[in-house]
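Enquirer: Next come the chains, spelled out residue by residue.
2 protein chains.
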Amino acid sequence: MTQDERVADRQAAEEMPWGEVTPDAARRLLVAAVEAFAERGYHATTTRDIAGRAGMSPAALYIHYKTKEELLLRISRIGHEKALEILRHAADGEGDAADRLAEAVRSFVRWHAGHHTTARVVQYELDSLGAEHRPQIVELRRRSDAAVREIIESGVRSGEFDVPDVPGTTLAVLSLCIDVARWFNTEGRRTPDEVGALYADLVLRMVGAEPRPAVAQK
Amino acid sequence: MTQDERVADRQAAEEMPWGEVTPDAARRLLVAAVEAFAERGYHATTTRDIAGRAGMSPAALYIHYKTKEELLLRISRIGHEKALEILRHAADGEGDAADRLAEAVRSFVRWHAGHHTTARVVQYELDSLGAEHRPQIVELRRRSDAAVREIIESGVRSGEFDVPDVPGTTLAVLSLCIDVARWFNTEGRRTPDEVGALYADLVLRMVGAEPRPAVAQK
Numbered sequence: 001m002t003q004d005e006r007v008a009d010r011q012a013a014e015e016m017p018w019g020e021v022t023p024d025a026a027r028r029l030l031v032a033a034v035e036a037f038a039e040r041g042y043h044a045t046t047t048r049d050i051a052g053r054a055g056m057s058p059a060a061l062y063i064h065y066k067t068k069e070e071l072l073l074r075i076s077r078i079g080h081e082k083a084l085e086i087l088r089h090a091a092d093g094e095g096d097a098a099d100r101l102a103e104a105v106r107s108f109v110r111w112h113a114g115h116h117t118t119a120r121v122v123q124y125e126l127d128s129l130g131a132e133h134r135p136q137i138v139e140l141r142r143r144s145d146a147a148v149r150e151i152i153e154s155g156v157r158s159g160e161f162d163v164p165d166v167p168g169t170t171l172a173v174l175s176l177c178i179d180v181a182r183w184f185n186t187e188g189r190r191t192p193d194e195v196g197a198l199y200a201d202l203v204l205r206m207v208g209a210e211p212r213p214a215v216a217q218k
Numbered sequence: 001m002t003q004d005e006r007v008a009d010r011q012a013a014e015e016m017p018w019g020e021v022t023p024d025a026a027r028r029l030l031v032a033a034v035e036a037f038a039e040r041g042y043h044a045t046t047t048r049d050i051a052g053r054a055g056m057s058p059a060a061l062y063i064h065y066k067t068k069e070e071l072l073l074r075i076s077r078i079g080h081e082k083a084l085e086i087l088r089h090a091a092d093g094e095g096d097a098a099d100r101l102a103e104a105v106r107s108f109v110r111w112h113a114g115h116h117t118t119a120r121v122v123q124y125e126l127d128s129l130g131a132e133h134r135p136q137i138v139e140l141r142r143r144s145d146a147a148v149r150e151i152i153e154s155g156v157r158s159g160e161f162d163v164p165d166v167p168g169t170t171l172a173v174l175s176l177c178i179d180v181a182r183w184f185n186t187e188g189r190r191t192p193d194e195v196g197a198l199y200a201d202l203v204l205r206m207v208g209a210e211p212r213p214a215v216a217q218k
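So the protein lines, in turn, are chains W and V.
Mapping to the UniProt record's numbering: the first sequence position 153 is 153, numbers consecutive.
Mapping to the UniProt record's numbering: the second sequence position 111 is 111, numbers consecutive.
Source of the hints: derived by calculation from the structure; they are not laboratory data.
Heads up, a few of these hints could be off.
Note that identical chains are pooled: a pair holds if it fits in a single copy or bridges any two copies.
Using 25 Å as the maximum straight-line C-alpha spacing, the simulated SDA-like pairs for lysine to any residue come out as follows [said to hold, decoys possible]:
#	residue 1	residue 2
1	68	138
2	68	124
3	68	157
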């Protein structure tokens, strides 16, 4: 796979987060579950509601998912895996620490703005997952956190950044981007790209780097 | 009322947001509703659940609240009024723009960390309010936004701040503080005061001001 193909692949994945879910019926059920959880909350949603939204019978649902929690776990895992993929891609990318941090913020914001319904379910229903499933999600979050911390630490080492509290600043950067999912639909008069550019600038200020123009899209 | 009494009053209000709700039974029901909504979501909670948590009968609940939505509206209004009060107090306070912005962030973060359960209900169940009730909450949010924007604008005018996008930066500052309610309980190894101090420093960087030590508590 060439670099261009990898970029195209990543952009497609960013646009269609459920592409990996097969067969088609399983994917339709997942999309229906995201909508139902976002509208009514996990606990107020029944598997019957989800099957109905997908135009299927409850019996057909059970072929693909044994429980409602299995649906939430699948949604949560895919959402967190995409988040990690986006942040890892930025951390492993070209350029200096400021380029990589700006790219992490831009793409992470774009994802939370563009997929705010999914992101809300993924972020706000975490406590609805049972204790046996939560550790795998917590581990994905730990790795997302590590990707951002790694960029900030490298900027501190190179002298590009001035950050007195690296773990606290890492937390704040991720938190700022994640909250886009809450307000984006209701108050936003900006495109996901515009919010991404604004936030990248604000985050570079938070780490004491010079703001810079957006890197041209490859 | 002296200045000291006003400060004491405000601190008491920050600690006990439901103090204004009387009689006692109405307050107990409100606290029970916050817990139930936070745990299971608004739509999965019945008035029977809420009455049960408060140790009362459903009939006793209807003396105080005609509908479940009336409870959510009351919670949401009180929460948003406290947020506005905190931000107005900072905007109208002493000191230069950086002092006032730092105080706004510190006290707003402290509220979201210290009352994260209430704050989650207030922030994440907004869409559960009917169309006839939402405008009063939207108006409170508009005024909270205006309080922060006012501080930032005054810092830009005085030359203390360098902010190319005032509305966008205002939104980001509020958003950063609000998201504290999401992560505070689960990942926080810091006290509300510590998060407030860290965030005040990060926000001063966002607006291009010099960081400064915390203002001594009066």
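Enquirer: Determine for every hint whether it applies to the structure shown.
Expert: Outcome of the hint check:
Within a single copy, residue 68 and residue 138 get their C-alpha atoms as close as 20 Å, which meets the 25 Å cut-off; across copies the closest is 34 Å, which misses it. Proximity of residue 68 and residue 124 under a CA criterion of 25 Å is satisfied in both settings, with 16 Å inside one chain copy and 22 Å between copies. Taking the closest pair of Cα atoms, residue 68 and residue 157 never come within 25 Å of each other, the shortest separation being 46 Å inside a single copy and 54 Å across copies.
Of the numbered hints given earlier, the model fails hint 3 alone.
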